[in-house]
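Make the full structure from the sequences, and use the hints.
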Amino acid sequence: MRRKPSASSTGKKRARILLVDDHPLVRERLTEIINREADLIVCGEAEDRRETLAAIPAKQPDLAIIDLALKNSDGLELIKDIRPRWPGLRILVVSMHDESLYAERVIRAGALGYITKQEATRKILVAIRRVLAGAVYLNEKIACRIISRLTSHSPAVGAAPSELLSDRELKVFDLTGHGLNISEIADRLHIAVKTVETYRARIKEKLKLKDSSELLQLAISWSQHR
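Counting in our numbering, the sequence shown runs from 3 upward without gaps.
Honestly, the hints are just simulated from the structure, not real lab data.
Result set (DSS-like, lysine-lysine): computed pairs, CA atoms no more than 30 Å apart in a straight line:
1) K82 x K119
2) K173 x K119
3) K73 x K61
4) K61 x K119
5) K196 x K82
6) K143 x K119
7) K210 x K82
8) K143 x K208
9) K210 x K196
10) K196 x K212
11) K210 x K173
12) K208 x K196
13) K196 x K73
14) K173 x K196
15) K82 x K15
16) K82 x K143
17) K173 x K82
18) K82 x K206
19) K73 x K173
20) K73 x K119
21) K125 x K14
22) K173 x K125
23) K125 x K61
24) K212 x K173
25) K208 x K173
26) K14 x K61
27) K173 x K206
28) K61 x K82
29) K15 x K119
30) K61 x K15
31) K82 x K125
32) K206 x K196
33) K208 x K82
34) K15 x K125
In C-alpha cells:
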C-alpha cells in the first residue's frame, strides 16, 4: 500500500488535536485513525476537566475532541469553561449521548460539531476537517431542527422537557429518570444537595408539576421513550 506523504515532506503544518475522553480504548482508536493522516496529529490526551484545562495551554491544540461523559466531570460544562479562555480553539463533541438531545446544547455552549461514537469511525475525519475550517458539523436532520428552533420566538405548545429546561436542569431531570435520588445526583454532578433541590424546584415549575411524585413519573417516562 502506498504511504501518504508526511506533513514535513509536503511543507504543511499538521493540525494539533487534543483528545478528551475517559476511556483509554476510545482515545487509542481515535489516535490511530487521526495520526495516519498527513495533515493531522494527536498532540495530547485528557480524561477530565482538570487535565483538559492544563493540557490546552501546554499542548496548544487547534482542535479539542470532547466526550460529554468524563471522569468526575461534565463535558458540556467543560466546553463552557473553555470557550471564554481559549475562544480560538475549535471543539468537536464525540459522544454516546443522544444527538437529538445534546447537539443543540453543545453548539450553544461553543462547540462547532457533534458526532456520535457509533458514526465516529466512519466520519470522524470529515467532522474534524470541517470543524477545523470553522464550519459546523451536524447530522442534517438535527441541523434543520436547530435552525427551525432558532427562527422560532418561543417553545412550541406541548414542548418536550429538553426544550424547556436549562442544561443543568435537564441533567438533573435525566438522572432522576434513571433512578438516582437527590444525594446520588449531587454526588454525580459534584454539587450540593440543596443545589439539586433548587434545580428540581425549577423543573417542577417549568413543567407545571405539582410534586416530586409527578416529577419522578414524568422523568422515568421521558427517559424510557426519548
